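Student: The listed protein sequences correspond, in order, to chains A and B. Per UniProt numbering, the very first residue in the first sequence carries number 1; after that it's consecutive. Per UniProt numbering, the very first residue in the second sequence carries number 1; after that it's consecutive.
Worth flagging that the hints you see were computed from the coordinates, not collected in a lab. This one's a predicted model, so the numbers in the text were calculated from it and none came from an experiment. Don't take every hint at face value.
[To be verified] Heads up, incomplete: computed chain A residues facing chain B, CB under 10 Å, no partners named: (1) Tyr57; (2) Ser58; (3) Asp230; (4) Val265; (5) Ser267; (6) Lys271; (7) Ile277; (8) Glu411.
Just so it is clear, CB atoms sit at the ideal spot from N, CA and C, and this is done for glycine as well.
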Amino acid sequence: MTTIALIGNPNTGKTTLFNSLTDKYAYVGNWTGVTVEKKQGNLKGTDIVIIDLPGVYSLDPLTKDEAVVTNYLMHNKPNMILNVTNASQLKRNLLLTIEILELGYPVILVLNMIDDLRRSGYEYDLKLLEESLGCKVTTTNARGHQGIDKVREKALQYKSIPSTQLGLEYPAIIQQAIRQASTALSKDFGYPAHVARWLTIQYMGKNKVIRETAKKEKLTPLLNQEKYYDAQKFADKIFETRLQFIEKTLTNARQPLSGSNPVEVTSRIDKVVTNPILGLPIFVLIFFIMFKLSFDWVGTPLSDMLDQFISGPVSSTTNQLLIKLGAIPALRSLIINGIIAGVGGVLAFIPQIFMLFACISLLEDSGYMARAALVTDRIMQVIGLNGKSFIPLIIGFGCNVTGIMAARTVEQPKERLITTLIMPFMSCSARLPIYSLFVAAFFPHHQALIVLSIYFLGIVVALGMAKFYQVIFHVKESSVFVVELPHYHLPRLDIIWQGTWDKGKGFIKKAGTIIFAGTVLIWVLSSFGTSGFVTNSANSFAADLGRILVPVFKPIGLVQWQAISALFTGILAKEVITSSMMVMFHTSSKAFLIASLGQFMSPLTAYALLIFILLYAPCFATLATIKQETGSTKWMLYAVISSLIIAYCIAFIVFQIGQFFWG
Amino acid sequence: MARQNYILHSFDCLNVSTATRLHDMGLCEGCPIKVVQRYPFHGPVIIENDHQRIGLRYQVFMSITGAADK
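Just chain B, with the same shape it has in the complex:
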C-alpha cells in the first residue's frame, strides 16, 4: 500500500499560478499532508491538510511531494 503521509517538498517545478494558489490555501514547503484518495490512470489526488480537503492533479502532487524524483 502506498504511503499516506507526506511532507511537502518543493514548489519550484510548479507554474506560478498553481504555486500561488497552494500558498493561498496555507500549503507550503515543509507542510505535512495526508493522502485521502488517489485516482487511477494518473488521475487527481485528494489531500488533507488542516481540516481542509484539496483535489490536485497527479503531476502537481508528484512534484510537490518529491515523489517524481524517486
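Looking at chain A on its own, in the form it has when it is part of the complex:
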C-alpha cells in the first residue's frame, strides 16, 4: 500500500488540501487543533492513501494530539511526505520542514496560501528553494482550488522523487557528537544510517518522545551523552543553526513583485474585533447572534415544525398502520410512546443543533475562534483555565455534547479534562422546557429571574468545580497560552457545510443509537410492572422505583414518586423529563400539568427540584461523549456520581435553608 503523509503547521490549509486531493472529505477548521487524530482518504482516482496528520509546530510535541505525528513517523514508513506550509510565514514553517527533511523521506514542499504571499508584495524563487532544501517545491492556493493538479501529478510520481537527507552545517562539536552517536546506533541497534542521524539530532534537541523511546529501548549511545548534550546547550545551538539557514535561504530566494498592492484586511478587521474595549462586547454580540439563530430565529421554528410533523402525522399514521396490521397493544405502545416519542423527540432538536454547528464552523473557518479565545483568556485565567476553554463552555449552553467535542481544541490535557468535566453544569437548551414549565406553574410573576438564577447557579458551580480541579490536578499557572491569530478568510459555503455535517452526523449516529436503546428501556420500566404490561403507569416498575426512592429525596422536598421517576428519564435526554411528567401525572395537556403541579409541591420544593435537574447526572449522549473524549469509562462514571452528589447537596442546602425562612 502506497502511503503519503500530510504534515504541516496548524493553520496552513492542510486539511483543505487533503479534502481537495482525496475522495473523502474531512473536517476543516481555521484554528489550531481541528485535526485531532489522523484522517485518511485515497488520492482521487488512485489507491494511494493520503494520511492527514494533526497540525504541529515541531516534532517535539507539547500535547497528546501533537505526539500523533512524531509517533506516526517513528512507527510508519510513508512512501512520501507532503509538507504543507503557509507561504507567508515560511520562516516559521521551515523549522518543521528541516526536521522532516533530516529524516530522509522523499518530500514535496507545498507553499500554500501563495495568493496571500503575492498580495504582500513578493514571492520566492522555487528553483533556489529546491536547491537549498534538496526537495521538490510547489505552490498552491488550496481554498481557491489552484495548484492542486500539480500536487496530484507530483504525488503520482512518488517513485521518481529521491530521498534526500538535508545535512545542515551544525557547529563542529555537534557534528562530531552526531557522527559518534549515530554510528553506534547503527552498529549496535541496527538503525539505518539516516534514521540514526535523525534520532540523534532529535535527542539532542530534547524531543520528549524520542527521549522516552531512548529510555525504553535503552539506546545507550544517546542516554550516556544526555548530560553532555544538555550542558553544552546543543538544543539551542541546533535551533540557532536552523534559523540562520532558513533566514539565509529565504533572503536568497525572495523576489519582490512589481505592481502589488498589499491590503492588510486582517489588520483592519483586528483593529475592531480585538479592540481592548470593543473586543469583549463584539464577542458577546457574535455569540448572542449565534444563539438567536440557533434557538430563536431559525433553529427553533424548524425544530417546532419537525416536532409537529413527528408527533402529528408520523405518530398517527404509524398508529393507524399498526392497528390495521393488528399489532398487539404492547408493541404499539413501544413504537408510538417509546420509539417515536423518545427518538423523535430528540430528532426534533436536529435543526437547532445543525444551526449551532453551522455558526461554529463559520466562526472557525473565518478565523474568529482564535480571537475569541484571546479576548476571554483573562477571565478564564482566574479559575485556572485558559481562553481556549471558554468557547466550548459557551457552546455547552446549546448542547453539552458539542461543547465537550469543541474542547478538543484545548491544548493542555488537564485543562481539556477540566473543561469536559465542568461542561454538564452549563445549562443546555434541552433543560429549558422543564424550567419553563416549572416557572409557569410556581413563579408566574418572576419567570425570567428564576430561570436566570438557575443558569447563573450552573455557571457558579462550573467555575467553582474548575477551581477545585485546578487544585486537585495540580494545574499550575504555567499553562501554555500562545495563540496564533490566523489571517481572516472569506468563509466558503462548502467548507462550512462539510464542517456542519461532520460534526452533526456523529451526533445523529451516536446519540441516535444511545437514545434508541435508552428509550426502549424507559418504556419498559414505565409500561411493565409486577403484573406484566400495565396501562396505568402507577403500577409500573418506574412507579415502584420512584416510591422506593422517596425517603432519599425527602430531604430535598421531593415526596412524589412521579417527579422522582421522571428524573430517571432525564438521564436519557433532559427534554424527556417534561413528557415523562405528563405520563406520570396522567395528563396530555401542558396547561393542565401547570395547573395541577401546584397541588403536588411547594414553590420551594419546585426550586430545589429545578436545581437538582440543572446539576444532576448528564444525559446519555453527554456521558457517551465524555467516555469518547476522555477515552475512559472511569471519568464517565465519575461525571455521573460527582454531579449527583453536587446536585443533591446544593438542592438539600437550598431546601433546608429555604424551609427555615419560608417553612
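Starting from the known structure of chain A, fit chain B onto it as the hints suggest.
Tutor: Just chain B now, with coordinates in the frame of chain A:
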C-alpha cells in the same frame, strides 16, 4: 503612549513548554517584534512578527521583552 517595537530579550524565565512553543513559532532571543494590541487589567498582548500575529499572556510578554526587569 507605550513603546510599540521590542527586541525579544530572554526566554529564561518562561516554562519549558511556552519557550518551546515560541521557538517553534520562529521567535527567539534577539527577534524584533511589534505590539499590535494590549488588553487592560494585565490581559493578553498581541504581537506581530514575520507576518504572523500571536496572542501571549501579559506575564510571558513582560518576561520575554525584559519589561518586567525595568
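Student: Tell me the numbers of any earlier hints that the structure contravenes, in ascending order.
Tutor: Result: hints 3, 4 break, sorted rising.
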